[in-house]
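Chemist: Listed below, chain by chain, are the residues.
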Amino acid sequence: MVPLSRSSSLFPGESPPTPAESVSLRHRAPQLWIGVEVLDWTRGETLTALTSAFRELTPLVSIEPPDALLLEVHGSLKLFGGLAGIKKKLVAELDRRRLRYHLCAAPTPLAALWLARCARTDVHDLSALPGGLSVLPLAVTRWPDDVLVGLVEMGIRAVGECMRLPRDGFARRIGAQYLEQLDKALGRRPDPRIELGSIPALCLTVELAAEITQTTALSSALQDLVARLGLELRRLQRQVLSLELVLRHTRRPATREKLQLVEPTHEAQRLMGLLVARLESMTLPAPVIALDLTALPVDMQIEESELFADLAPGQQSVAPAALVERLRARFGIERVYGLELIEDHRPERVWARRADKLLQGRVSSLPPSLGTARPLWILPNPVQLTANELCGATFTSELHEEVPERIESGWWDGSDISRDYYAIITGLGQRLWIYKDHATRGWYLHGLFG
Amino acid sequence: MATDALPTGFAALDRYLPGGGWPRRAITEIILDRYGIGELSLLMPALAELCSRAVRAKRWIVWIAPPYVPYAPALRFSGIELSRMLLVQPTREKKDVLWAVEQALRSGSSIAVLAWLEKASGIVLRRLQLAAEEHDCWAVLFRSGNALRESSPAALRVRLSGAFEKARLEIVKCRGKRPGIVALDLTTPSHMRALCRA
Numbered sequence: 001m002v003p004l005s006r007s008s009s010l011f012p013g014e015s016p017p018t019p020a021e022s023v024s025l026r027h028r029a030p031q032l033w034i035g036v037e038v039l040d041w042t043r044g045e046t047l048t049a050l051t052s053a054f055r056e057l058t059p060l061v062s063i064e065p066p067d068a069l070l071l072e073v074h075g076s077l078k079l080f081g082g083l084a085g086i087k088k089k090l091v092a093e094l095d096r097r098r099l100r101y102h103l104c105a106a107p108t109p110l111a112a113l114w115l116a117r118c119a120r121t122d123v124h125d126l127s128a129l130p131g132g133l134s135v136l137p138l139a140v141t142r143w144p145d146d147v148l149v150g151l152v153e154m155g156i157r158a159v160g161e162c163m164r165l166p167r168d169g170f171a172r173r174i175g176a177q178y179l180e181q182l183d184k185a186l187g188r189r190p191d192p193r194i195e196l197g198s199i200p201a202l203c204l205t206v207e208l209a210a211e212i213t214q215t216t217a218l219s220s221a222l223q224d225l226v227a228r229l230g231l232e233l234r235r236l237q238r239q240v241l242s243l244e245l246v247l248r249h250t251r252r253p254a255t256r257e258k259l260q261l262v263e264p265t266h267e268a269q270r271l272m273g274l275l276v277a278r279l280e281s282m283t284l285p286a287p288v289i290a291l292d293l294t295a296l297p298v299d300m301q302i303e304e305s306e307l308f309a310d311l312a313p314g315q316q317s318v319a320p321a322a323l324v325e326r327l328r329a330r331f332g333i334e335r336v337y338g339l340e341l342i343e344d345h346r347p348e349r350v351w352a353r354r355a356d357k358l359l360q361g362r363v364s365s366l367p368p369s370l371g372t373a374r375p376l377w378i379l380p381n382p383v384q385l386t387a388n389e390l391c392g393a394t395f396t397s398e399l400h401e402e403v404p405e406r407i408e409s410g411w412w413d414g415s416d417i418s419r420d421y422y423a424i425i426t427g428l429g430q431r432l433w434i435y436k437d438h439a440t441r442g443w444y445l446h447g448l449f450g
Numbered sequence: 001m002a003t004d005a006l007p008t009g010f011a012a013l014d015r016y017l018p019g020g021g022w023p024r025r026a027i028t029e030i031i032l033d034r035y036g037i038g039e040l041s042l043l044m045p046a047l048a049e050l051c052s053r054a055v056r057a058k059r060w061i062v063w064i065a066p067p068y069v070p071y072a073p074a075l076r077f078s079g080i081e082l083s084r085m086l087l088v089q090p091t092r093e094k095k096d097v098l099w100a101v102e103q104a105l106r107s108g109s110s111i112a113v114l115a116w117l118e119k120a121s122g123i124v125l126r127r128l129q130l131a132a133e134e135h136d137c138w139a140v141l142f143r144s145g146n147a148l149r150e151s152s153p154a155a156l157r158v159r160l161s162g163a164f165e166k167a168r169l170e171i172v173k174c175r176g177k178r179p180g181i182v183a184l185d186l187t188t189p190s191h192m193r194a195l196c197r198a
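The listed protein sequences correspond, in order, to chains B and W.
In terms of our numbering, the first sequence opens at residue 1 and continues consecutively.
In terms of our numbering, the second sequence opens at residue 1 and continues consecutively.
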């Protein structure tokens with residue numbers, strides 16, 4: 001069991017916040033959030049309609065698919081007769097739609113949501129949040145099952161017990177993103193929600209006739225959803241830049257998949273392609289009973305996308321961007337990348353993977369001579385060679401160049417190297433780039449001449 | 001058609017290939033038993049040429065599932081424009097690699113696709129061949145010797161053996177030509193000689 005240390009626990013009790021914390025809290029405008037948890041089966045369209053209705057009260061309404069809304073109401077308190085007045089209006093609208101619900105107010109959005117899920121009383125001050133949240137069962141967080149089971153196995157069942165665990169241990173064993181969520185709920189970390197502008201987020205739902213266990217079987221339902229989104233976007237004259245697909249299951253929290261586009265679009269076909277690519281790469285944790293698609297519409301005007309900043313207007317830019325999006329939808333951002341050169345003498349630091357600004361102009365002003373006598377293949381992590389491999393049968397051990405190239409660099413930043421590089425030819429004709437490291441006296445394979 | 005050939009940068013090879021170069025809108029299969037014998041050097045002059053076209057047309061040169069990372073300084077030295085390079089490391093299996101290859105070919109935004117793929121059925125290769133034709137893309141597939149046991153719809157199939165100065169390119173299949181062998185010196189393609197003179 002992790003030893004408890006009072007100073008580093010998530011729940012510092014009376015200990016004063018660190019200077020950084022106190023500054024960020026003091027300068028943050030006071031907020032008051034209301035979480036609305038709808039208890040009945042909710043269609044995304046219902047949430048969208050509620051959002052539109054609630055926007056009379058505040059411009060900051062966000063959808064938490066599949067069943068909740070969050071409203072920031074601090075600025076509207078005076079206008080509508082305090083929290084009680086606002087709640088009355090919310091209740092009237094929800095009752096009119098014959099929905100069953102829980103409402104709860106708190107100074108942070110996540111706290112409001114968690115409290116609403118348990119139908120608790122309101123918490124008005126940041127200082128009262130730790131106390132108010134600590135009694136909540138962990139299930140309100142809707143963290144994935146394996147995370148919750150892991151915590152239960154450690155004997156932890158309530159949010160408060162979580163908060164008493166040492167921070168670093170929690171981040172390491174449970175996951176940094178869950179620590180982040182606790183911090184957000186407690187107001188120790190900002191939790192920005194998007195101001196929705198003139199148009200609320202769109203949320204659409206499709207219920208499935210039968211439980212579906214295979215991702216491939218979801219595509220016709222998804223097609224229907226995307227087609228409706230396309231029509232809605234056309235009607236509003238808007239585009240989307242990000243999407244969230246929520247897969248609802250019967251007895252476990254919904255699965256959420258966020259999709260970020262490289263360029264805004266309103267084309268249903270393109271969105272469909274991306275969503276299908278994402279679906280195909282997933283394994284479903286449980287049978288799916290319904291799908292929600294949430295999108296935040298943006299203005300139709302073509303925004304200058306940073307990724308393709310050097311494209312002249314009128315040039316066809318959609319296709320190269322679309323390929324990147326499609327590949328990333330399936331494999332993830334880090335597996336689809338470009339290359340760039342960096343001014344550094346260390347062979348492993350002279351290049352880098354490039355994740356954004358792909359296709360943009362010329363990458364480097366560094367001279368081509370940088371690549372003189374360099375191999376076309378590089379091993380990101382050099383592989384140590386055994387004496388056997390060097391002198392034995394694999395290598396002819398005949399050095400291609402008698403004089404090694406000495407590379408010594410990096411003494412200023414602590415990652416200094418001192419190496420002698422050789423090009424050698426193996427018995428099979430392969431031309432390799434190897435070096436002798438002066439610090440470890442070991443030999444390493446760093447590249448192939450390809 | 002002469003316009004459909006892409007000069008290889010190696011005079012002996014250009015003389016052998018119909019139209020004087022790599023078949024532009026088709027699959028070229030390069031079969032080899034090990035890496036590091038000049039397999040990229042063989043393509044560099046043609047890729048450099050494509051880069052100059054790709055910059056104008058805003059198209060990608062896509063590398064799918066390469067065995068190592070292409071080294072940026074050496075690419076640049078070979079006249080490759082790095083901003084056209086798109087690297088894809090598909091996650092798990094063969095089907096992901098094929099999916100990525102097909103997407104890259106069909107998008108119409110790739111001027112060349114280089115892919116390292118072990119197994120692929122004749123039907124799949126035929127689809128890729130059609131996509132390459134249709135979307136004006138040079139598809140280069142690197143495969144091991146096992147691939148020779150199966151037939152292939154590729155326009156050109158070559159087997160690279162030997163290495164660098166003493167490279168041997170066996171033309172296993174070539175549309176409109178008989179099989180043959182071309183001896184190559186991969187350390188000095190013609191464009192590099194031109195660079196050295198200049």
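Derived by calculation from the structure, the hints in this document are not laboratory data.
Beta carbons are placed, not taken as given, at the ideal position from N, Cα and C, and that holds for glycine.
One or more of the hints may lead you astray.
EDC-like, lysine to aspartate or glutamate: derived pairs with alpha carbons at most 20 angstroms apart [unchecked claim]:
(1) Lys78/B / Asp122/B
(2) Lys357/B / Glu150/W
(3) Lys95/W / Asp185/W
(4) Lys94/W / Glu280/B
(5) Lys184/B / Glu207/B
(6) Lys357/B / Glu280/B
(7) Lys173/W / Asp33/W
(8) Lys184/B / Glu161/B
(9) Lys95/W / Glu280/B
Far from chain W by the CB rule (all over 12 angstroms, computed), these chain B residues [said to hold, decoys possible]:
(10) Asp40
(11) Glu280
(12) Ser281
(13) Ile378
(14) Tyr422
Chemist: Does the structure break any of the earlier hints, and which numbers would those be?
Modeler: Result: hints 2, 3, 5, 6, 11, 12, 13 break, sorted rising.
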